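Going down the list, the sequences are from chains X and C. Adding 349 to a residue's 1-based position in the first sequence gives its number in my numbering. Adding 122 to a residue's 1-based position in the second sequence gives its number in my numbering.
Since the hints were made in silico from the structure, they are not lab data. Warning: the hint list may mix true and false statements.
Claimed, not checked - Selected chain X positions facing chain C (Cβ under 10 Å, derived; list incomplete):
1. G361
2. P396
3. D428
4. M432
5. F496
Unchecked claim - Using C-beta positions, here's what the derived DEER-type ranges look like:
6. T375/X - S319/C: 41 to 51 Å
7. E494/X - G260/C: 33 to 43 Å
8. N316/C - T351/X: 43 to 53 Å
9. V167/C - M350/X: 11 to 21 Å
10. Q180/C - E462/X: 23 to 33 Å
11. P359/X - G232/C: 54 to 64 Å
12. V167/C - T397/X: 24 to 34 Å
What the hints assert, rightly or not - Taking lysine-lysine and the DSSO-like style, the derived pairs with C-alpha atoms no more than 30 Å apart in a straight line are:
13. K288/C - K170/C
14. K320/C - K170/C
15. K320/C - K229/C
16. K199/C - K288/C
17. K353/X - K382/X
18. K231/C - K170/C
19. K229/C - K198/C
20. K437/X - K215/C
21. K414/X - K437/X
22. K409/X - K437/X
23. K198/C - K437/X
24. K409/X - K382/X
25. K288/C - K467/X
26. K231/C - K198/C
27. K407/X - K170/C
28. K231/C - K288/C
29. K229/C - K467/X
30. K320/C - K457/X
Every value quoted in this text rests on a predicted model; they were computed, and no experiment measured them. Cβ atoms here follow ideal geometry from the backbone N, Cα and C, with glycine treated the same way.
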Amino acid sequence: MTIKVGDTLPSGTFTIMTPSGPAPLTTSDLFSKKKVALFSVPGAFTPTCSNEHLPGFKSKSSALKEKGIDTVACMAVNDVFVMDAWGKERGVTDEMLMLADGNGEYTKALGLELDVTKFGLGMRGQRFSMVVNDGVVEQLNIDPEGFQLSSAECMLNQL
Amino acid sequence: MISFRVILMLSIVALGASFTPSSPLATVFQRPTTTALNMADEVKVGDKIPSAVLKEGQADYGAPVDVNIADLIAGKKVAIFAVPGAFTPGCSKSHLPSFITAQDELKAKGVELTICIATNDAFVMEAWGRTSGGSDAGIIFLSDANAELSRALGLAIESDVMVRTKRFSLIAVDGVVTHYFSSANESSDTWAPNVLSKL
Chain X
350 MTIKVGDTLP SGTFTIMTPS GPAPLTTSDL FSKKKVALFS VPGAFTPTCS NEHLPGFKSK
410 SSALKEKGID TVACMAVNDV FVMDAWGKER GVTDEMLMLA DGNGEYTKAL GLELDVTKFG
470 LGMRGQRFSM VVNDGVVEQL NIDPEGFQLS SAECMLNQL
Chain C
123 MISFRVILML SIVALGASFT PSSPLATVFQ RPTTTALNMA DEVKVGDKIP SAVLKEGQAD
183 YGAPVDVNIA DLIAGKKVAI FAVPGAFTPG CSKSHLPSFI TAQDELKAKG VELTICIATN
243 DAFVMEAWGR TSGGSDAGII FLSDANAELS RALGLAIESD VMVRTKRFSL IAVDGVVTHY
303 FSSANESSDT WAPNVLSKL
């Protein structure tokens, strides 16, 4: 079952880094009563994710907030230490939440797994972006390969 | 006429031999998945570091490059240390920094190369090496993403979703382990000061 526009997101828990160390963040805390721009990348520190997808959401985060987005969040199947390090290395921690789906459980719940074992990356998440309003998917752009629809620009144009 | 029993024995021996890491048939039977087919006994002094292909990430998001560990360490005295996870606290605050600061002393003791291994992917390892100062200090960061080397050294930690490697350090000369430091007692046994004290 793959998530689609109109669906209510399944409940689950991510891990985020806080000043006192790793902590869980439930989907309820993340999505309830908020408009969230959530995007997913196959891998922290990988080329397209680092050079294009993530920076795009950083530079467009103010514009997204002007259009009613409360929170910008990036998720990947990486552990919380790697996600935190990546967010700091890219300088994006002020603009967005870095969500670690370390075991890929939430990615699987969305039906959006990506098999990149041939690149030595194991099971990861597909590249996508979505706008979620109080837990309901309003916009969904999936790029099963490459990087076109899931950019911040595309999302802005659709808002 | 060969008895059935002899044929059975020979078949069992042949089957067993086909799964040993060093036999050529092992490559035919190995499945590239995260479930261990079988894990070797824990590495010890005197063992030869097995041939395994790891990946080294490249600067500026270049494609990772295959590195055969046995080829890399042949004919040299090397230090190899492994961490459960790049960017994790213990690995980042203690284990890796201890090897960064010890580079001059290690070289003075004839250790030509220090190699850091984890089961993180090559992109993460390259980033960790770059941001930690480890790469600048000359340490090579290799990704054992499919845990081939960790399993061959008997030091993989299996879980349903990901394999990690136990923390260890070792010294090898021309591919043969001369000193092995396990973290079974204290993590600090694997840090550079303890390694240096035994050289």
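Violations among the numbered hints = Hints 1, 5, 9, 12, 23, 27, 29, 30 not satisfied by this model.
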